[in-house]
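In order, the protein sequences belong to chains A and B.
As numbered in this note's numbering, residues 1 to 377 make up the first sequence, in order.
As numbered in this note's numbering, residues 1 to 258 make up the second sequence, in order.
These are computed hints drawn from the structure, not numbers from a lab.
Where is the CB? At the ideal position from N, CA and C, for every residue including glycine.
A couple of the hints might just be wrong.
As the list claims (entries may be wrong) - Below, computed lysine to aspartate or glutamate pairings styled on EDC-like, alpha-carbon distance capped at 20 Å:
| hint | chain 1 | residue 1 | chain 2 | residue 2 |
| --- | --- | --- | --- | --- |
| 1 | B | 81 | A | 339 |
| 2 | B | 258 | A | 99 |
| 3 | A | 203 | B | 15 |
| 4 | B | 81 | A | 158 |
Claimed, not checked - Quick partial rundown of chain A residues pointing at chain B, CB under 8 Å, derived from the structure:
| hint | residue |
| --- | --- |
| 5 | 80 |
| 6 | 81 |
| 7 | 82 |
| 8 | 128 |
| 9 | 129 |
| 10 | 145 |
| 11 | 171 |
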Amino acid sequence: MSPPRRVAYNPLRSWSGFGGCAGGLSASGSEARKYLRLLAGCKTGIPRLGNAVPEPFHLFLLPKMAAIEILGLEKTYAVGFWRKQQKCALKPLQLSVEEGEIFGFLGPNGAGKTTTLKLLMGLARPTAGSARILGMEMDDPRVKAQIGFLPEQPYFYDYLTARELLTYYAHLSSVPASEISRKVSAMLERVGLADAPDVQLRKFSKGMLQRVGIAQAILHDPKVVFLDEPMSGLDPMGRREVRDLIEQLKRDGKTVFFSTHILSDAETLCDRVAILHLGQLRNVGVVSELTAGVRGKVELAWHGTMVPAEMKSLGAKCHESGDTVRAVLPEEKQDAALEVLRRERLRLISVTPLRASLEDYFVQQVKPVEATVGARA
Amino acid sequence: MRTRVVYIAANTFREAVRDRVLYNLIAFALLMSAAAVLVGQISIDIERLVVVNLGLTAVSLFGVVIAIFIGIGLVSKEIDKRTLYTVLSRPVRRWEFIVGKFFGLAGTLAVNTLCMAIGVFGALLYVSHHFQASDAWVLVALYFIGLQFLILTALTLLFSSFSTPLMSAVFAFSLFIIGSFAEDLRGFAGITHGFTRWLATAAAYVVPNFSAMNVITSVAHEQPVAGHLVLLNTAYALVYAGMVLCAAVLIFERRNLK
C-alpha cells in the first residue's frame, strides 16, 4: 500500500495552535475538521480529495490527520477479595498521534503504558473515555484490520513453526489466500528469519521470538503499529535490528506507537514522546523541545592531577584519568569554575557543553512525584 | 467470520495433536485395550463382555482426562503467553475465538476417540475372531461417549474463560463425577421433602446428565439401545453444550484481559 499523501503545511495544526493547545491536533483541531467537512459536504470522516470537493479547499483537505486520538481514556480496576477497593491504573488520558509519526510512550514500570495499549486494542474495557484510530472508534471492527500489535514479551504457540504462525495470523487478518504464501516468505526475509521458517517456535531464542512478534504485527500491512516494549530483553544487536525495522516502518508511511522504558531508544527513534507516570500523563512533545528546558551541564577538562578544593563547593563531579582531570558541573557555575582554574594556574584543555538527554528530562519529571508519593507513604 | 472460527479451530487441533502429552495418552489408551485383550483371554465365555466394558471405560476415562487437561488451558494459557492479545487485536471477535477453541478441542477428542475406538474393535475382533450384529451397539456407546465429551469440552471452556487452570480442572472433574450420578441425584430428590427436595431437583437438572449417556454395561451385555434415547441424548448434548458455550462467550466478552 502506498504511503499517504502529505502536504508540508498543516492548517489543522496551525488552527489548534491558535486555540492554545499543545501537542498537535486537539479539540480545536476536531472543530476545524468538522468545519471542513461541512464545507466539503461530506457526511462522515475526513473528506478525501475528489470531484465533489471544491477546488479551493483541496489544500485544506489533505492535512496529516490524527492516526490515534485518545479522548479521556481512563481505567480503574476493582481489587481485593471482595473487589471493593479501586485501583486507578490510568487517569483520564488525552493524547493525539499524527499519521506517519513514530510516537514514544515512556514511563517507568507500572506507569500505565501497557494498560493504555490494552484499552486501545480492546483487550480491556475503559472505565471512561474513548479513543479514535484512523478516524474510527476504537471498538469499530474495521479498525482491527488497519492495526498491528506486538505485546510485551510475547510467546507464541510452541509447536508451530514461524511460517505456520504467520500463515495463521494472515488468515485471521483476512489477507487474501492467494497472497499469503508470498507475504509470509517476504516477511520472514524482512525480519531475518528466512533461514528458520520451519523450526518450531519453542526452539527460538528470545530475540528470534521478538522478530516473529514484529513480523506478525506488520504482516497484513497495517497503517498503525502498536509495539509494547519492543526492545525489552534484547541484546544490543537485537535492539539495533528492531530500531531499524521501526525506522523502515516510518519510511513506509506507517504510524508507530511504541511504549518503552529504554529512553535511549526513544530518543533515537521518536518524532515525539509522551511521558506517563503513575497512570498520569506528565508531558508530550518533541524530544529536543522537552530537553531544552532541562538545566544544562558543562564539562571542564584541565591538565594535571590537582583538583582545587573550591570545585566541590561548586557542585562539580571530578574524575582523573592519566594526567587529565574532568569535572562536570552546572552550566551557571562555569564562570566561577574557570576563575578557580585561572587562579590555581591550571592549564585548561576544553570546555564542553553537555546536551541534556531525555533521561535527564525524564528524571526531572518523575523524581519529584516519586518523592511526594514516598513522603506520603 | 466462519472461516476465522475454522482457522482458530484448526490451530487448536494442530497445537493439541503436536503436544506430546496427547500422544502419551493415546499410547496409554491403546495399552489399556491391549490389557483388555489379556483379561479377555483369561475370562471364560465372557471375553466379549470384558473387552467391551474395559475398552469403552478406557475410551471414556482417557477422553475425559484429555478434555479436562487441554480444555482448562485453552483460554488461560493463551492469556499467560499473550498469544490471545495478538489474536484479539485482529478482526477476530471474542465469540469467534471461544467457538473456534471449542471446535478445535472437540475435533481433537473426536480424532482421539476414533483412534481408541479402532483399538476397541481390534480387541473385539481379536477375542471373538469375527464381528457380530450386536457390535453395532458399541458404536452407539462410543457416540454417547462423544456426546459426553462435547458437553465436557464446553464446560472446561466455560471454567477456563474466568478461572485458573487448577480451579477449572477441579470444577470440570467434579461436574463430571456428579453428572455421572445425575440419575441417582434425581432419585434422591424424589424421596426428599421441602427445601432439600427443591435443592436436589435443581441440582439434578443443572448438572449435565452423563448417566443417561452411559450405556456401556447394557451394550456389553448385547442389549440394544432405544432409538428415542439416541435422539434425546443428541438433542440434550447439543442444547446443553450450546448453552454452556453461550455462557462462556458472555463471560469472556466482558472480561478484562490482564
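Hint by hint, here is what the structure shows:
A threshold of 20 Å between alpha carbons decides the hint, and for residue 81 of chain B with residue 339 of chain A the separation of about 61 Å lies outside it, so the pair is violated. Restraint check: the Cα-Cα separation between residue 258 of chain B and residue 99 of chain A comes to about 29 Å, which exceeds 20 Å; the hinted pair is violated. At most 20 Å may separate the alpha-carbon atoms for a hinted pair to count; residue 203 of chain A and residue 15 of chain B meet this at roughly 15 Å. Of the pairs offered as hints, the one joining residue 81 of chain B and residue 158 of chain A holds, with about 10 Å between alpha carbons and a cut-off of 20 Å not exceeded.
Given the 8 Å rule on beta carbons, the hint for residue 80 of chain A is violated: about 15 Å separates it from the nearest Cβ of chain B. For residue 81 of chain A, the interface hint is violated, the least distance from its beta-carbon to any beta-carbon of chain B being 15 Å, above 8 Å. For residue 82 of chain A, the interface hint is violated, since its Cβ never comes within 8 Å of a Cβ in chain B; the closest pair sits about 17 Å apart. A hinted interface residue such as residue 128 of chain A counts as satisfied when its beta carbon comes closer than 8 Å to some beta carbon of chain B; here the least separation is about 14 Å, so the hint is violated.
With its C-beta approaching chain B no nearer than about 15 Å, residue 129 of chain A sits outside the 8 Å limit, and its interface hint is violated. At a threshold of 8 Å, the smallest CB-CB gap from residue 145 of chain A to chain B is about 5 Å, leaving the interface hint in force. Against a cut-off of 8 Å between C-beta atoms, the interface hint on residue 171 of chain A holds, since the closest Cβ of chain B lies about 4 Å away.
In terms of the numbered hints stated before, the structure departs from hints 1, 2, 5, 6, 7, 8 and 9, listed from lowest to highest.
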